[in-house]
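Visitor: Each chain, written out:
There are 2 protein chains.
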Amino acid sequence: MAVMLEIIKESKRTKARLGRLHTPHGTVDTPAFMPVGTQATVKAMTPEELKEIGAQIILSNTYHLFLRPGHELVAEAGGLHKFMHWDRPILTDSGGFQVFSLGDLRKITEEGVQFRSHLDGSSLFLGPEQAMEIQMALGSDIAMAFDECTPYPSSYEYAKSSMERTTRWAERCLKSQTRQDQAVFGIVQGGMYRDLREQSARDLSSLNFPGYAVGGLSVGEPKHMMYEVLDYTVPLLPAGKPRYLMGVGSPDCLIEGVMRGIDMFDCVLPTRIARNGTVMTSRGKLVIRNAEHARDMGPLDPQCDCYACRNYSRAYIRHLVKADEILGLRLTTIHNLYFLLQLMAEIRTAIEQDSLPEFRQEFFARYGYEP
Amino acid sequence: MAVMLEIIKESKRTKARLGRLHTPHGTVDTPAFMPVGTQATVKAMTPEELKEIGAQIILSNTYHLFLRPGHELVAEAGGLHKFMHWDRPILTDSGGFQVFSLGDLRKITEEGVQFRSHLDGSSLFLGPEQAMEIQMALGSDIAMAFDECTPYPSSYEYAKSSMERTTRWAERCLKSQTRQDQAVFGIVQGGMYRDLREQSARDLSSLNFPGYAVGGLSVGEPKHMMYEVLDYTVPLLPAGKPRYLMGVGSPDCLIEGVMRGIDMFDCVLPTRIARNGTVMTSRGKLVIRNAEHARDMGPLDPQCDCYACRNYSRAYIRHLVKADEILGLRLTTIHNLYFLLQLMAEIRTAIEQDSLPEFRQEFFARYGYEP
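Protein chains in written order, with the working numbering: chain A, 301 to 671; chain B, 301 to 671.
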């Protein structure tokens, strides 16, 4: 099997697990956060910088690479790892999320999705077989099955038929993926309906994927609803296999997800808000553009020892951000990713020490969340 | 004296000199190219990256820092070196070039220049005393006298009165600058008129500056005209002091300038064209966006061992540039600055070996210049 989760410790007081995810490009300590490199680059970062802040795995996007530069070109370059100079594990999404987001520009059939490129309007098709073909060409360690991320809210009928189609597509993905050095993860859907989620989890589990994602969450629903879905869905997934909560990356959701048995996360949040000038600190979020930081010669976060916090003041970073200087968003990006990767390391330590509930309480109080 | 040029070797066959410029923040091998960090950052680069590619001194802009974040704030931060985390020498320009470029937004008097900020339209004043006050607050190793960069073309009368005013301003700059750890360089003007250039060089030399710049060149005149001005101006400058040719950074002009006795250069060219996707290589310029590079798995320049060329293909960098990814312009910026800094190192070696004319010929043939 291309990808295997070694479980090192299971929390007695929560559903959290400490593990090591073995992949063809190395091992990832779990629970893990995956920085997003949409277009074969984690925005503003080099691979060396990603390693320096402790990233062990990144995510890249099938839809974007399919459109530009094209998966054949990436294959010619020797695969995505070589193309982008990243020798650690890569997970690729299936492109489903992006093509479904195109609204009027796409048409769904049992076969797949006909859509228009957001770059040049050309007519393209993506279905389970195509998504697998592209991901095999990219050569990611983990490929995701082609699914529909059910919108929120959705009627019971729509959520059901969409989920059932996603399951049929998952089967086709498994059949068409032939690389021995790549694992395909199935994606649980079903909207916010318990019986649909349970059916999806059971049906996909019977297909014996090497890993499972919970999709269709963090799509606009209240957080308590996401946690409820996790509460009843995760226990139905095979215990020995990795579980990935898609598109989730705010600190509170990472902690809550881990406590419900999630091993992997990804999100554009830390890098996107960084480019906007918002940074995460041990005391909550901070908008560096604000005038209060103009003469502040202290670091973004006194508790942080990332490159930005070791060497630059808030006053300087604010100046860079206001002057639209690239170094400004490089520093905020480094800081935010480091913050989340450090948080994951602290979460792993807390699981090791079986003190995750206390860690959660302390973190929430410090960060300013309602626990 | 804050800044001193130690001349190690003088070329017998040209006017080139090999030297070491001693400053309060360390020593610079000359002839030297200074990357430009307009807003207290060399665009897209960290100080560590600048050091890695061999930058020993950078230039920053008084006008921009005066407007944002303000020199008082930089002084509060402990000076420009500390503010921007760069512990090697810094040269600041005087702001004259920028305020004179404002056209209708400025009014010149003997006192100085009244102008409107390009950021918020506020009315501001910059004269010799203000330019010195700002540069003292910034704490650069080398401050430039406040001058008018005479436009090209200019009438003899305008060039003469402008040059004479620049000389009077130079005297006021010397008088008002009081920091012992900062050197002020005078700037020779006089347009393209030989007697005016000679008068300017003589008058400024009599003021005994620790260094001299030749300004008002590379402003639209044909290159042979610039070389002629250097031919008759440079020999009138004190032999033992550093000579700086302002705003010049194309490879041919660097070589021609060094052969005429110039020790220092600065230019936004390498970083600006990099952000546009144009790179300099041992075989001339290359526009990375061009379709011919789409499937080229070789480096930007096979002769280059910069970080970009060691680790990335033209195909990948082209993809990044076309996708507007920050890493794209980071890589082209690193490459172009490395190219020019390496060129300066090769020029220094050629002076050492007294083979600069042969180096020039070989370089021009390879790069595709008419020698």
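Possibly wrong hints are sitting among the right ones.
Which copy? The list can't say, so a pair holds if one copy fits it or any two copies do.
Within a straight-line C-alpha distance of at most 30 Å, the following computed DSSO-like cross-link-like pairs (lysine-lysine) qualify [stated by the list, open to error]:
| id | residue 1 | residue 2 |
| --- | --- | --- |
| 1 | Lys-351 | Lys-475 |
| 2 | Lys-309 | Lys-382 |
| 3 | Lys-315 | Lys-475 |
| 4 | Lys-351 | Lys-622 |
| 5 | Lys-407 | Lys-315 |
| 6 | Lys-475 | Lys-523 |
| 7 | Lys-622 | Lys-309 |
| 8 | Lys-351 | Lys-460 |
| 9 | Lys-351 | Lys-382 |
| 10 | Lys-475 | Lys-622 |
| 11 | Lys-585 | Lys-407 |
| 12 | Lys-622 | Lys-460 |
| 13 | Lys-315 | Lys-622 |
| 14 | Lys-475 | Lys-309 |
| 15 | Lys-315 | Lys-351 |
| 16 | Lys-382 | Lys-315 |
| 17 | Lys-382 | Lys-585 |
| 18 | Lys-407 | Lys-622 |
| 19 | Lys-382 | Lys-312 |
| 20 | Lys-309 | Lys-460 |
| 21 | Lys-382 | Lys-622 |
| 22 | Lys-312 | Lys-407 |
| 23 | Lys-351 | Lys-309 |
In short, the hints are calculated from the structure, not lab data.
Visitor: Pop the pair Lys-407 and Lys-622 into one bin, within, between, both or neither, using alpha-carbon distances up to 30 Å.
Guide: between (42 Å within a copy, 28 Å between copies)
Visitor: Which holds for Lys-585 with Lys-407 at a C-alpha limit of 30 Å: within a copy, between copies, both or neither?
Guide: neither (40 Å within a copy, 45 Å between copies)
Visitor: Is the C-alpha distance from Lys-351 to Lys-460 at most 30 Å within one copy, between copies, in both cases, or in neither?
Guide: neither (42 Å within a copy, 59 Å between copies)
Visitor: Which holds for Lys-312 with Lys-407 at a C-alpha limit of 30 Å: within a copy, between copies, both or neither?
Guide: Neither, since 47 Å and 76 Å both go past 30 Å.
Visitor: State whether the alpha carbon distance between Lys-382 and Lys-312 is at most 30 Å within one copy, between copies, both, or neither.
Guide: Cα proximity of Lys-382 and Lys-312: none, with 41 Å in one copy and 50 Å across.
Visitor: When no copy is named, should Lys-475 and Lys-622 be tagged within, between, both, or neither for a Cα gap of at most 30 Å?
Guide: neither (52 Å within a copy, 35 Å between copies)
Visitor: Using 30 Å as the alpha-carbon threshold, which applies to Lys-309 and Lys-382: within, between, both, or neither?
Guide: neither (34 Å within a copy, 46 Å between copies)
Visitor: Is it within, between, both, or neither for Lys-351 and Lys-622, if the alpha carbons may be no more than 30 Å apart?
Guide: both (28 Å within a copy, 26 Å between copies)
Visitor: Taking 30 Å as the upper bound on the Cα-Cα distance, should Lys-315 and Lys-475 be classified as within, between, both, or neither?
Guide: neither (32 Å within a copy, 74 Å between copies)
Visitor: From the Cα coordinates, with 30 Å as the cut-off, is the pair Lys-382 and Lys-315 best called within, between, both, or neither?
Guide: Classified as neither; 37 Å inside a copy, 48 Å across copies.
Visitor: Given a CA cutoff of 30 Å, do Lys-315 and Lys-622 count as a within-copy pair, a between-copy pair, both, or neither?
Guide: neither (44 Å within a copy, 45 Å between copies)
Visitor: Can you tell me if Lys-622 and Lys-460 fall within 30 Å by alpha carbon in one copy, between copies, both or neither?
Guide: Neither way: Lys-622 and Lys-460 sit 48 Å apart in one copy and 40 Å across, limit 30 Å.
In this structure, the hints that do not hold are numbers 1, 2, 3, 5, 6, 7, 8, 10, 11, 12, 13, 14, 16, 19, 20 and 22, in rising order.
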